[in-house]
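Enquirer: Protein chains in written order, with the working numbering: chain A, 1 to 432; chain B, 1001 to 1156.
Honestly, the hints are just simulated from the structure, not real lab data. Heads up, a few of these hints could be off.
To be verified - Derived Cβ-Cβ restraints for the label pairs, each shown as a range: (1) A:R259 x B:L1095: 16 to 24 Å; (2) B:K1149 x A:R139: 54 to 62 Å; (3) A:F31 x B:L1126: 35 to 43 Å; (4) B:L1142 x A:S229: 16 to 24 Å; (5) A:P77 x B:R1105: 31 to 39 Å; (6) A:S229 x B:P1064: 20 to 28 Å; (7) A:V302 x B:G1053: 42 to 50 Å; (8) B:G1120 x A:A138: 48 to 56 Å.
Unchecked claim - Computed cross-link-like contacts, EDC-like style, restricted to lysine to aspartate or glutamate with a CA-CA straight-line distance of at most 20 Å: (9) A:K131 x B:D1059; (10) A:K85 x B:D1043; (11) A:K85 x A:D74; (12) A:K81 x B:D1043; (13) A:K81 x A:E333; (14) A:K81 x A:E366.
No experiment lies behind these values; they were computed from the predicted model shown. In this text, a Cβ means the ideal position worked out from N, Cα and C, and glycines have one as well.
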Amino acid sequence: MVRGPVSGPGRAYGRGMARSSRTLVSPLSPFSPGFWRSPLRGPWFTSVLGVVLLGGMTLLFVTGLLSYAAYNPDLSPVNDKTPDKGILGFYLFSWPTDPHWLYRLNQGVHVTLGITLVPVLLAKLWSVAPKLFTLPPARSLAHALERISLLLLVGGALFEFVTGLLNVQLDYLFPGSFYPLHFYGAWVFFTAFVVHAALKMPLAWRNLRHLREERTESVSPAPAEPTVSRRGALWFVGGGSLLLFLTTAGQSFDGVLRRTALLAPHGGAEPGSGPGAFQINKTAAYAGIDPAETGEEAWRLVVTGRGGTVRLSRADLLRLPLHSAALPIACVEGWSTSDQWWRGVRLRDLAALVGYEGDPPDVLVESLQRRGAFRRAALRANQVADPRSLLALFVNGEDLTPDHGHPARIIVPAAPGVLNTKWVARLTFGDL
Amino acid sequence: MRIPSPGGVPLGGSLLGSPLQLLLLCCSFALAGYAGVRLLAGDWFGVALWFVGAAVLHDLVLLPLYGAVDRALVRTAGRHVMYVRVPAALSLLLLLVWFPLISGRVADRYGSATGLSPDGFAARWLLLTALLFGGSAVLFVLRLRRATKQRPPAAH
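Only chain A is shown next, with the shape it has when bound in the complex (with noise of 0.2 Å):
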């Protein structure tokens, strides 16, 4: 009796109140807080969000490094397409050839978890957006640098996703050649992901620790009626990751899991029939290769060395010791197929040929094909050391196919799949 007519109009003044600041400050403008309605921006939804991209961000940059170092670009030109690099490959390394699927785990988390990653980015963005409208401009130096900063982190995070998934789409939009604006543009994101993390993470840790719901520029002073909860918006955003992960993944295997991948560039059936039915980055009428060179008649392969040139047709290397390797093709673009029986002369038998008995230096391969970044590219010591590498005659117990470098291909353990020359022309070995 008593309680009834008190809480009514205290109600009543609430809600008009709410309705008088809506109308104060214009809700059409950005700038104002009223703009925003929705109730599920806030510290927490934004600190999970933070949480979870910089695991998923540093993950994707350390991927990333490890892949540029696969290629070897401080062994030859021909393998560096960023020789402006200077101290940004700080950390370069002589890619290993062990274990043999080194190159096919890191490439596949690379690309699948950028892919899993979109949905994350781009609430993680939403969820911020009013900050973007904070008046005055800045508030300090300091906080003018930071925001400055921000277009860096957010410019950066958006280009690499947005090059990246065109390149695994061959989509080559972009203005400039895929990998130095991939790896320079990583660096540039990174340094302002770096101190974006450094400066925020203190305080994300306190809100998901303490569940303290702090009042900031992006919990909305007006909110709508909730139409879904944080934990289910949470939830709608771990589910857009799932259906792209779940569509994408199975790229990275063969059979049936392949064809889960239901928009992936490289899901679904294998090329052809047969022993070679596997997948293939560039067929051999994409790299221009004429069938006339290839034949029993005309092709070469020529090697050379300290202790001079070689020449030998198919059927001189078929009399050479052959060897097996069963290794996978792993590509830079985020696919690979499970290990292919590979059956062909060792590299360092090769070597053996032209006066490195024992020894075997680096190599230059060249190879047939008339366009493809990677026509020429150059192995290391260490990689035509290893008695896994080979000149490939066959596959899965067939000649190659045209498609997959007949006559006679490069395949090395862990190495990115465009090191695998595909119709090889020319081996020079030595040191470069």
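Mind docking chain B on chain A? Use the hints.
Expert: Chain B alone, transformed into the frame defined by chain A:
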């Protein structure tokens, strides 16, 4: 000496902000500059346009656009909005990520380079979209029926 600002917050120290923050930012800018010079070494205008354009396009076009679509959806669907929002957003997310393949704009290059069929991406995306909306519809009907059954008889 600190000069009081009109807002009552002392200027001077606050004009610069935290010194640690300034140091971190300057260090980051120096490194970003080192990489940025190399990033812009080729088509500098094109790269700068892509870099800044990506942020601007996202923040000033994409985000307001999907925000507006979502508000329209909430007005139309009311409290059942999640049954439409979730499948629609997931379908658009797939379209956004795989647009070059789904739209067929790289069909020729894709087909000749990989030896795989460039057809079918649009069809698979449409089927996934149908599955998402269909699943949502089934869930909606099931929950509606459960709610109807659990509701106590109105007459008593």
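Enquirer: Please flag the earlier hints that this structure goes against, numbers listed from lowest up.
Expert: Of the numbered hints, all hold.
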